[in-house]
Every structure is written in structure tokens, then in C-alpha cells.
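With the hints as constraints, model all of the structure from the sequences given.
Number of protein chains: 2
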Amino acid sequence: MAKQKKLVEEITSMDVDFAQWYTDVVKKAELVDYSGVRGCMVIRPYGYAIWENIQKNLDQRFKDTGHENVAMPLFIPESLLQKEKDHVEGFAPEVAWVTMGGSEELTERLCVRPTSETLFCDHYARVIHSYRDLPKLYNQWCSVVRWEKSTRPFLRTMEFWWQEGHTMHETAEEAIEETERMLNVYADFCEQALAIPVIKGQKTDKEKFAGAEATYTIEALMHDGKALQSGTSHYFGDGFAKAFDITFTGRDNTLQYPHQTSWGMSTRIIGAIIMTHGDDSGLVLPPAIAPIQVMIIPIAQHKPGVLDKANELLLKLKNICRVKMDDSDQSPGWKFAEYEMKGVPLRLEIGPKDIENNQCVVVRRDNREKIVVSLDELETRIPQLLQDVHDGMYQKALDRRKSMTYEVTGGLDDIIKAASTRPGFIKAAWCGDVKCEEQLKEQAGITSRCMPFDQKEPISDKCVCCGKEAKTTVIWGKAY
Amino acid sequence: MAKQKKLVEEITSMDVDFAQWYTDVVKKAELVDYSGVRGCMVIRPYGYAIWENIQKNLDQRFKDTGHENVAMPLFIPESLLQKEKDHVEGFAPEVAWVTMGGSEELTERLCVRPTSETLFCDHYARVIHSYRDLPKLYNQWCSVVRWEKSTRPFLRTMEFWWQEGHTMHETAEEAIEETERMLNVYADFCEQALAIPVIKGQKTDKEKFAGAEATYTIEALMHDGKALQSGTSHYFGDGFAKAFDITFTGRDNTLQYPHQTSWGMSTRIIGAIIMTHGDDSGLVLPPAIAPIQVMIIPIAQHKPGVLDKANELLLKLKNICRVKMDDSDQSPGWKFAEYEMKGVPLRLEIGPKDIENNQCVVVRRDNREKIVVSLDELETRIPQLLQDVHDGMYQKALDRRKSMTYEVTGGLDDIIKAASTRPGFIKAAWCGDVKCEEQLKEQAGITSRCMPFDQKEPISDKCVCCGKEAKTTVIWGKAY
Numbered sequence: 001m002a003k004q005k006k007l008v009e010e011i012t013s014m015d016v017d018f019a020q021w022y023t024d025v026v027k028k029a030e031l032v033d034y035s036g037v038r039g040c041m042v043i044r045p046y047g048y049a050i051w052e053n054i055q056k057n058l059d060q061r062f063k064d065t066g067h068e069n070v071a072m073p074l075f076i077p078e079s080l081l082q083k084e085k086d087h088v089e090g091f092a093p094e095v096a097w098v099t100m101g102g103s104e105e106l107t108e109r110l111c112v113r114p115t116s117e118t119l120f121c122d123h124y125a126r127v128i129h130s131y132r133d134l135p136k137l138y139n140q141w142c143s144v145v146r147w148e149k150s151t152r153p154f155l156r157t158m159e160f161w162w163q164e165g166h167t168m169h170e171t172a173e174e175a176i177e178e179t180e181r182m183l184n185v186y187a188d189f190c191e192q193a194l195a196i197p198v199i200k201g202q203k204t205d206k207e208k209f210a211g212a213e214a215t216y217t218i219e220a221l222m223h224d225g226k227a228l229q230s231g232t233s234h235y236f237g238d239g240f241a242k243a244f245d246i247t248f249t250g251r252d253n254t255l256q257y258p259h260q261t262s263w264g265m266s267t268r269i270i271g272a273i274i275m276t277h278g279d280d281s282g283l284v285l286p287p288a289i290a291p292i293q294v295m296i297i298p299i300a301q302h303k304p305g306v307l308d309k310a311n312e313l314l315l316k317l318k319n320i321c322r323v324k325m326d327d328s329d330q331s332p333g334w335k336f337a338e339y340e341m342k343g344v345p346l347r348l349e350i351g352p353k354d355i356e357n358n359q360c361v362v363v364r365r366d367n368r369e370k371i372v373v374s375l376d377e378l379e380t381r382i383p384q385l386l387q388d389v390h391d392g393m394y395q396k397a398l399d400r401r402k403s404m405t406y407e408v409t410g411g412l413d414d415i416i417k418a419a420s421t422r423p424g425f426i427k428a429a430w431c432g433d434v435k436c437e438e439q440l441k442e443q444a445g446i447t448s449r450c451m452p453f454d455q456k457e458p459i460s461d462k463c464v465c466c467g468k469e470a471k472t473t474v475i476w477g478k479a480y
Numbered sequence: 001m002a003k004q005k006k007l008v009e010e011i012t013s014m015d016v017d018f019a020q021w022y023t024d025v026v027k028k029a030e031l032v033d034y035s036g037v038r039g040c041m042v043i044r045p046y047g048y049a050i051w052e053n054i055q056k057n058l059d060q061r062f063k064d065t066g067h068e069n070v071a072m073p074l075f076i077p078e079s080l081l082q083k084e085k086d087h088v089e090g091f092a093p094e095v096a097w098v099t100m101g102g103s104e105e106l107t108e109r110l111c112v113r114p115t116s117e118t119l120f121c122d123h124y125a126r127v128i129h130s131y132r133d134l135p136k137l138y139n140q141w142c143s144v145v146r147w148e149k150s151t152r153p154f155l156r157t158m159e160f161w162w163q164e165g166h167t168m169h170e171t172a173e174e175a176i177e178e179t180e181r182m183l184n185v186y187a188d189f190c191e192q193a194l195a196i197p198v199i200k201g202q203k204t205d206k207e208k209f210a211g212a213e214a215t216y217t218i219e220a221l222m223h224d225g226k227a228l229q230s231g232t233s234h235y236f237g238d239g240f241a242k243a244f245d246i247t248f249t250g251r252d253n254t255l256q257y258p259h260q261t262s263w264g265m266s267t268r269i270i271g272a273i274i275m276t277h278g279d280d281s282g283l284v285l286p287p288a289i290a291p292i293q294v295m296i297i298p299i300a301q302h303k304p305g306v307l308d309k310a311n312e313l314l315l316k317l318k319n320i321c322r323v324k325m326d327d328s329d330q331s332p333g334w335k336f337a338e339y340e341m342k343g344v345p346l347r348l349e350i351g352p353k354d355i356e357n358n359q360c361v362v363v364r365r366d367n368r369e370k371i372v373v374s375l376d377e378l379e380t381r382i383p384q385l386l387q388d389v390h391d392g393m394y395q396k397a398l399d400r401r402k403s404m405t406y407e408v409t410g411g412l413d414d415i416i417k418a419a420s421t422r423p424g425f426i427k428a429a430w431c432g433d434v435k436c437e438e439q440l441k442e443q444a445g446i447t448s449r450c451m452p453f454d455q456k457e458p459i460s461d462k463c464v465c466c467g468k469e470a471k472t473t474v475i476w477g478k479a480y
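From first to last, the protein sequence lines stand for chains A and B.
The working numbering numbers the first residue of the first sequence as 1 and each following residue consecutively.
The working numbering numbers the first residue of the second sequence as 1 and each following residue consecutively.
Derived by calculation from the structure, the hints in this document are not laboratory data.
Note that beta-carbon positions come from the ideal geometry of N, C-alpha and C, so glycine has one too.
Among these hints, one or two may not hold up.
[Said to hold, decoys possible] List time: in silico DSBU-like cross-link candidates among lysine-lysine, alpha-carbon distance up to 35 Å:
1. A:56 with B:56
2. B:56 with A:136
3. B:318 with A:56
4. B:318 with A:318
5. B:27 with A:136
6. B:136 with A:149
7. B:56 with A:316
8. B:63 with A:309
9. B:370 with A:63
10. B:56 with A:324
11. B:27 with A:63
12. B:136 with A:316
13. B:56 with B:28
[Stated by the list, open to error] One side only, chain B facing chain A, incomplete, derived with CB under 8 Å:
14. 33
15. 36
16. 37
17. 45
18. 48
19. 68
20. 72
21. 73
22. 93
23. 96
24. 97
25. 98
26. 99
27. 143
28. 147
[Stated by the list, open to error] Below, a sample of chain B positions facing chain A; criterion: calculated Cβ distance under 10 Å:
29. 41
30. 43
31. 44
32. 46
33. 49
34. 80
35. 94
36. 112
37. 119
38. 123
39. 126
40. 145
Structure representation (C-alpha cells):
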């Protein structure tokens, strides 16, 4: 019991210091190691196994919607980055520059890709000639680099891992449809695989991607009431196509510019999983992406028959879920705390008395419920229980978001007061002027998260900031 | 027929110009695109699908042997690269240097990783404390950069994709065992998945990896008689551990240095697939990694019932192999040539007469054999035929290697003559002196590929170069 206590003590309580709680969990659960390279992280086996499960699940969704994977170069020549004006302005200040190859100075600097629109466009210009070549539905899994001042594991790192989809279409309509389709893929993935409820919406002009005509986003609410942008999907129109001279012969035999999208989700999402579901005992992982879904812990394992039975259950469950057994010398109490910290969705205890009764005890990580399961029903009950954990996690997160989302219908003073006293999503009307966004950021410390697709009835007909006529409802909040 | 002829004409014949044949195949089969970045390639969907299948197959072999995936940073600070003397001497001349972040000059240059021994060691120093922390069996999938002067798709590019395994062990014996185990994993993969026979052996000191005590290799013979190093596995002893101050408390309670290995296989292997199996009609892909294993081509598809039946077969086969159907407007002849060029292992033709007879015609890509298959037996015959294609490809490659491997038992003049007249692997005895290796490289244009593990009886007791006492048999050749 001393050991168990110590383990839990090592994690700072959320309510005491949320940022420290996050750092503790990331470290104690062995998700990452800080590296010797400023702002870059090492993703350790347990953290990487989560990312692999995310990749597998998302990649299948991309393939099911007709996308193909490719690999683009790591480097972008400076002249290529500069071809689209807004894009280079957005990214040039935060890229790493390669200026030497071996001992030679380069005649043209290469930046390490911060995102790959320019590389995809360079390729598309060579392979798109006719409407028959469209659509091009490409994706790549890679890491990108942005020269950040301050960094935090998963949430903001100089190098991060992601996928970036880049597509080209015959018409604007098709490209917009794709932008929406991929936002829905992200939202479904978050809700179905990660048990994270998200709000879908459009970014304001101030917050949209450098070079995009429109950016769509999914926004999730973390335990501390801060927002986390969890995936974005951009519509570019034909701006890049014109800058990169990508043309195709259309069905009517005229030369046309294709319409473009891009969309990405990154290792940031692991930060969202931690901060949506975690508690003071550590991680709580959604079953769909948990590296270990069930951990078998033999009780009184020195007693005859216990390990044999535990092994038998291990073999049985191997075909239906990701299962492991810990038969090490540590005490059961230590093991309980360890796998709670690592967020394993189900713990399965099996001891002499259980064996006598042809049963085992399954404990849910999300609500600590203990369920006695007959060994005859194990193979049907475990998948059900994993689904129950998922559903419980989703409902809990949704309830929290509801309780932390509120409307402000008054004026500037009201939203400043609300932002400083009640963490969460603030719904308030907006006139559409970027000056009001800037003022709210400065005075209330909040930014526009999105203009939600679901607008229903207007909250107010006046902008919460300037009092002029409101054009839309915006979700405001503090953000990671 | 005109179209078909044209397609095939676009590929230069192997015998006319092997290098041009390779370039044509890589381009016409749409495996890569040359990028706007010097020496960097774009891997297109069909090429990347091959790489994905390679990854999936190899990754499972790594996991089955107890390895875990991680992600290390892209950058190595100059001081970290310099910690192991031989290693930095080997790699520093060919790395890309990042000297600026945003608009600021860096106080310390970062190199883009050419390989990650130093990063893994930096991490291992922080996480290895006790013998209980060993072994560490890590792997990562990533791209690395080496500043090459001249480049060719897959074979030698500035950026290439690979996996790099990095492991740490309690004893030298365990580390050597791991080095051998992983070489065997590579050899099995080449033979079982890629149908490429390989020779296992050890590199000479001159050819071994910078910083390694021993490098093991698998060497394959290409169609033109040149060798391709297809995978390597290195034993480092405790050299890096000492340089990076990685220590652990052993079972006897003393402080010890762990023993290290690394091993890698890269996108080069796609070059080996192309040059081992390809022919004048294009690619010939091993079934295990072919993106499309069976291509269904409806014959006289406008006739009633043909497309329905073809679709029925497509659905049937979807559960047992990677299958597609081409019901486009192109002629069957065009389609035959197209999928031959793309190396699809089996073509399935189904037309009105076949339907009448409840059969289809299956054509093997490797030997063009036509097999009539009853539709009732399709689901059992297709997997068999895929296996037959694999076996046929392996045997053909093995026969070719045998016919192109020969012994030279005489002296320097004999091996110079042999090297200039007969392409292939040359087996000849060697005294162990690096000067003889250098002389053979200069005068015969060949390098030592490996000292094969399988040494059987000595070929000669005299070194083929200097005539002094021979210590070992070496396989010599020209190499990619």
C-alpha cells in the first residue's frame, strides 16, 4: 500500500495545478521524454502505440473515402514557399532553415516543411493535365516543424507528427464538399474512437489558415475549460493553383484551374485525450485507441492454479481485444495503481475464490465500477464492457461540456466578467468585425473558436463587443 | 493494338540500356515523381502503396520479435553528433545543417538526422538505470537525409524512408544474438515476402557502418549483375554507451555499460524489387507486397451479363486478396499492357464465352502462363496461384543468381578480367588486408560485398589480390 500511495502522490491534483497535472501524467505514464533538442519530444513506446492506433483508425477512414497515401519531400526551397503570398507570410517567420549541405553553403535556402501545400502544388502542376486526372485525393503521414518559442508535449512542440490531406477538384462545389466531408470524418473519429464530443464550425478570417479561403474546425473542451482545436479542414479555392500554374483541360475543352483543399490532424489530439478524460489517478484511455484494452492481474498468484487460469483467459481474450497480463512480483495494489495511471480501460482480476466460482472481477477505469463476470460469458461481455466504457466516457465529457458552455447576451463588461470567472465555451453574438475579436482577446483574454455550423436561433441581435448589428453567433474561449 | 505497342515502346529494353530501363519503369509505372527539391523524390500513390505493404509486413515481424515503435526528433544538435568519434567522421560530411530558426541565427547548428544512433543514446541515458530496464528493443519508421551528390529514385536519394531499430542489452552475447536475429528477419522477409534470394554475411572493416564493431548485411543480385545491399544489422559493443555515459546497475550490483545494436531497411528495397524481378514489359511485383494482386478485366464488357459477372467475382475475391476491376473504356489490349507494366501478379479475364463455360482465364505476370479456372474453384485457386507466382519469381531469381555467381581462384589478373567480362557475384579468397580491397576497387572496379556466413570449404588458400595467405572467402561485385 505504501508503494501505491506513492505512485498516486506523484501526480499533482488537477484542481491544485492543472498544468502540472498534465506534465505529471505525460511523464509518469511514459508517453514522452523531453529530448536534448529544444522543443522536440521523444514519443516513447506507450505514447507511440496510442498514435499508431490513431493512425490505423484514421487511415482506414481516409481510404474508405477514396484517399491515397503519398510521401513528399521534407524540404521546401525558399522560392517555392514564396509562391503564394499569404501562405509565406503566415509560415516564413516560424520555419527552420537549412543553409548548408555537408560543408557547402547552399545557393538557395531550404526550409523544413511546416506544412506541405507548396510541395503538393509543385507535384500537382506536373501530373494534372485533364479533368480525367481529377480529383486527386492525397494524404501523407509525416512530421512537420514550426519554430515555436514555448513548447509543451503534444500540445505545442517544434516538431510534431500529423497527417495532411491535400486534394484537387474539378469544381469549387466538389472541393467545398470535400472540405466538409473531411471535417465530418474528423468529428466522427473524435466521437466514435476518442469519445471526445466536438463542435463543428468555421473559423473567422482572423483565425483561418494562411492562404485559405475558408477554414473549418472541430473544437473540443478540456477539463479546465480551455478549448483545443482538434482538427481543421481548409478550402483554398484556386489561389494556389493560380500561383503554381496548375491547369487542366475541362470537359468543355477550356483550360481551367482546379480547386483545392487540405486538412490535418496531429499528435496534439493525444493532448486532447489526456485533458478530456484524465483524472487524478492518471490517464483514462478510450478503448478504441488504448494500447492495452484489458490488463489481467492474477490475485494470490503463488497459489496453485491461479496463473494457469490467468493464462487461459489471456489466450481466450487475445483474439478479441488487446490484452496483457502482469504476473510480475509487484503487489496487486501496485499493479492496480500502475494501470489506472496508464489509463487501461478494463482491469480483470482473477484469484482463487473467483476460480472456485467460475468468475472474474472486471473493473472499469472510467467509473471504477466492479463487475463480476462469469468465465463462460467472458468473450461476449468484454467487448460489451469496452463499449460501455466508451459510452460512459463520451457521456461524461459531453455532460461536462454542456455544464461549461453558456451564453452571454449582454455587452463587453458582461463577457469580460464571464471570461474571468467561468471557464468554458462562451456563446455570444458578433458583428463580423476583426476589431471586436482583437478587443475581446485583449480585454477578456478569449479568442473566437468558431462560428458553429449549428446556429439555430440567434442569441442576440447585437455584437457582444461593440453593440452593432450581429451577423453570427461565435463560440469564444481560452485555447491551447 | 497500336496503343498497346506504344505503351511497351515507351520502356527502353533492359539489354539496350539497363539504367534507362530502370528510369522508364519507375516513371511509367508512376512510382515516383522527381521533385523540385534537388535529390528528393515524391513517392506517388502506387509506389507508396508498395512501401505501405512492406512496412506492414516488416513491422509485424519486428513486433513478433518483441520490438516497440517510438519517434525520435528530426534534428541532432552538433554537439550530440560529435560524441562518438567514428560516427561523426562517417556522417558529418553528408548532412544537411539547420542554422536558422525563423529569422534568428541558432547558437548551435542542428543537423537533419542521417541516422539516429545519437538520439537513441541520448534518450537511453535517461531511461536505462537497472538491468531490469533491459533489453530496450526500439524501432522507428521515418525519413532520413544524406547529402548525396548524384541521386537515383529509390537507389540513392538525399531523403529516403526507412526503419531503424536501436536496441540495448545487458550483455555482448545478447546484443550479438539480436544483430543476427534481425539480419535473419530481413533475410526471411526478402525471401518470403519479396521473392528475392539474399546472401547473408559480414562486412569487412572498410565497408562497415561508422562506429560499429561489426556490420552484417544481406546482399541481393540485380538483373544486370550488380549487387544491392538490401538490409544491414550492426553490433556496436559498448562504444556509444561509453561516449554517451549510459550505465546500468547489473545483477551483481556493479555499474555496467549496456551493449548496443542497430539495423535498418529502406525504400532502396523497392529498387531491389524492380531490378530483381522486372522485365521489358515493366514491373513484376511479388504478391505479398503488390498493391493490386489481381486485376479483373471484363472482355466484351458491353455484352449483357459480363459486367454483372465481373462485379460478382470482384466481390467474391475482395475477402481473400487485394483485387480491382478495370471496366474503363480502354481496350482489353491497352489494359493488359497497362497492368503488366504495373506488375500486377494475376490478371483475370472474364468474357461471354467464359461465363457460358462457368470459367475465367487467369494470366500470371511472372511467366505469362494462362490458366483456365472454374468459377466454382476461384476462391481456392487464386491464393494458390498467388503462391505459385511467388515461388516462380523466387526460383527464377535464384537461378539467375546461381548462373551469375562464380569463383575466381587465380590471381589479380584473373579477377580483373572476370570483373570486366562477367557481371555478377565473384567469390574469391582474401587475406584480410584493406590494401587489397582498395586495389581491387581501383583496378577491377569491384568492392567486397560481404564475407558470407556460409563459408564451407575455402576456395583458395591464397588472396586473389596479393597472393598471401587467405583468411576468408569474400563475395566481390559492383554495387548500387
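Worksheet item: Which earlier hints turn out false for this structure, listed by number in ascending order?
Response: none
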